[in-house]
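2 protein chains.
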Amino acid sequence: MSTLEPVLSHLDANLDKSLERLFELLKIKSISTDPAYKADCRKAAEWLVEDLKSIGFDASVRDTPGHPMVVAHHDGAEQSAPHVLFYGHYDVQPVDPLNLWENDPFAPAIKDMGEGRKIITGRGSSDDKGQLMTFVEACRAYKAVHGNLPCRITILFEGEEESGSPSLKPFLETHADELKADFALVCDTSMWDRETPAITVGLRGMVAEEITVKAANRDLHSGFFGGAAANPIRILSRILADLHDETGRVTLPGFYDGVEETPTQILQTWEGLGRTAENFLGKIGLSIPSGEKGRSVLELTWARPTAEVNGITGGYTGEGFKTVIAAEASAKVSFRLVHKQDPAKVRAAFRDFVNARVPADCTVEFHAHGGSPAIQLPYDLPIITKAKDALSDEWSKQTVLIAGGGSIPIVGDFQTMLGMASLLVGFALEDDRIHSPNEKYELQSFHKGQRSWARILAALAKK
Amino acid sequence: MSTLEPVLSHLDANLDKSLERLFELLKIKSISTDPAYKADCRKAAEWLVEDLKSIGFDASVRDTPGHPMVVAHHDGAEQSAPHVLFYGHYDVQPVDPLNLWENDPFAPAIKDMGEGRKIITGRGSSDDKGQLMTFVEACRAYKAVHGNLPCRITILFEGEEESGSPSLKPFLETHADELKADFALVCDTSMWDRETPAITVGLRGMVAEEITVKAANRDLHSGFFGGAAANPIRILSRILADLHDETGRVTLPGFYDGVEETPTQILQTWEGLGRTAENFLGKIGLSIPSGEKGRSVLELTWARPTAEVNGITGGYTGEGFKTVIAAEASAKVSFRLVHKQDPAKVRAAFRDFVNARVPADCTVEFHAHGGSPAIQLPYDLPIITKAKDALSDEWSKQTVLIAGGGSIPIVGDFQTMLGMASLLVGFALEDDRIHSPNEKYELQSFHKGQRSWARILAALAKK
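Those protein sequences? They're chains A and B, same order as listed.
If you read the first sequence in the numbering used here, its first letter stands for residue 111, the second for the next number, and so on.
If you read the second sequence in the numbering used here, its first letter stands for residue 111, the second for the next number, and so on.
Honestly, I wouldn't trust all of these hints.
Identical copies go unnamed one by one, so any copy, or any two together, can satisfy a pair.
Below 16 Å or equal to it, Euclidean Cα-Cα: the simulated EDC-like pairs (lysine to aspartate or glutamate) are [what the hints assert, rightly or not]:
#	residue 1	residue 2
1	Lys127	Asp185
2	Lys290	Asp367
3	Lys163	Asp452
4	Lys573	Asp499
5	Lys228	Glu288
6	Lys450	Asp329
7	Lys393	Asp329
Don't read these hints as lab results, they were simulated from the structure.
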């Protein structure tokens, strides 16, 4: 604790200065999807490089075909400490509709909400400028207090996260040696709630597939052909209905290969979070979990795989009625994967399943729309235990190990391209209105986020 | 035969004159859907009134909110003979694309196709001016030879058949007493083939229904909610898949109430027509009958009820992929009905069936798109036997009693509004290209059609 305490004190003492720096960054309109803000994106990258240099990082702007990356390196005090890669993104979402903002999205401010609660307003305050600066400030404080960082740190800031990250994979490929570390730290997720810190240890993967069932060589009149000619919508409906059994399980042969049962202890902590079918589904107007019977909504969305139909179309879908038998019908089907499920095997099993249900005089076309395995860190991985304890200390509340229902592409890319696991720690809240008007970040998130990272870095550096 | 033979001879001798009259009518551009031809439609009605007057009919143009009707009356020689209502329509389909016509659509001509086959070219030559004039010429010949008609005849010519018949039902309602006869004769159907005359004795009815399954109160992200939230496309697929069992039968409780088995003798004549699954389905690129197992394609399309999905839509259906769980999904479902199936009962059974399959936290909306019972005349009805024999005599080939897979609205209206069965006899051929460029009518159809009606009228007048 002797090395950590002065760092935490430094962070407390310098909160206002750290806010000034954050505000400088928030004022830069780095909207990556809109070409009109190309120069602003570069300006944000350059601002970060200068800031990192001021801490002592070897930082530089790296051009890509799109918006530039920021890469920075700093050695650590402990040779035996792990080398970590910190990831964040400096680009932000567009701000329209502007008239719904209570404050100028690019004129950040502190707003007192009463009862000791203050928020930082502005586009990017939470996603992800506020979050990434919590880590930068922790580094700055360490350097100011101890003249060094507790471990070797590489930083990667992206400028295209909000526009599909087109340059990311090529960049990781070309710079694999430079960016490879022992593991990654990613600050782009949320806490469980206002008081409870969380580490995201699982993210579901996905297989997306489009199928088109083709029957007759043209649309038919159902009076003339109905009863004799195959109807592709009926064939498709049968396929989709067959995908689940009565208990909500997916019926694809081998689908559950690689799916693990979540440890009872973890299930119990999830149980304790109080997310019920009623309060989770109630806000979207539903009440009955639709997935596998006998599992909680948290387990269903965090640790169980799914098969969903995301779109379907066929025949006449306009106003009124046409008695047509369509020539074809198609559906977009996706599978959320968990644990060690193999996307390629799931895709192949699905195609076999479909082929077996298409009559001999009809055909089916498949179109793959991408697939990625799930991410699942062992709940008892040492870095998780260390980060968990550090966060629990800072927030005076047990950290929960949670999972995410959807994928975070960068985490998959770090895993598959750099062989690197990611520790997902973030201080956003569900009500931060990211991507929407009136985005905000809790001042507490910004302050205790800095302190949390200082604690995590100290814990990671310990043998 | 003493009264019939001279009528047939008169028709033979006056074929050229009957063609001149038909050509006059075919030259009138009575396209009912296009307001630009409103005056032409009236002109066609007036031409028919004058022509019917020349035969001795009490004929008049009757205004409607749309194009006028033609109504004509003539007493018959035999008091004991039935009173018949003949129906046809003088309006025609548009002619575009005009560049695909080999001849001017409104400059009718006789074209020699070689091997003794001649055709009448032009829009309306088959549908329905050529067909309706076969009946008018039979009346004319009877009157010329015998000074009277063999039975009391009322004629109704409509001018809006090709544009949805908006004025027909109100007109039938207002003129029910004037138009009601013992039965109707309708000349708007086809022969089985070039040599084989046919009477259509059955027409399938229909129930059309649109259903919309609603789940969450907004579209959801499948990563966040997938596995917990109900997916309306999955619910809809299950409903649609459940509509049929493994043998192709419709599973709605009570669905087959009122469905009769077709007499073996009729099935045998259908068998003899040589329409196989291969040649019927082959031309649309299929080969395997999709309906109830163990029944021929003719029975499936003529005498068995169906459940078809005519359209389906839900979720994301554009390019690429979106991992959305839709708030709602909908399908257009129709049932073809036969014999005595009750449309109201089928609709109610379907709604019960759907309701039973919608989870308690989801809802479903129903939207009725009309329904009509099937038309089915007994195969041994006396007027059918008489007309069948008359046609067999004329064509020197056994008349087949066939059915239609779809409805002909006028036949349903005559049945439900005037309590009148319809005898459907026509001389069109499948290759007449009605509604398409290069419509034609076989000269043989026009000539032998006139002779057929003369024979049928004579047969109906006989005790």
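Output the numbers, in ascending order, of every earlier hint that fails for this structure. 1, 2, 3, 5, 6
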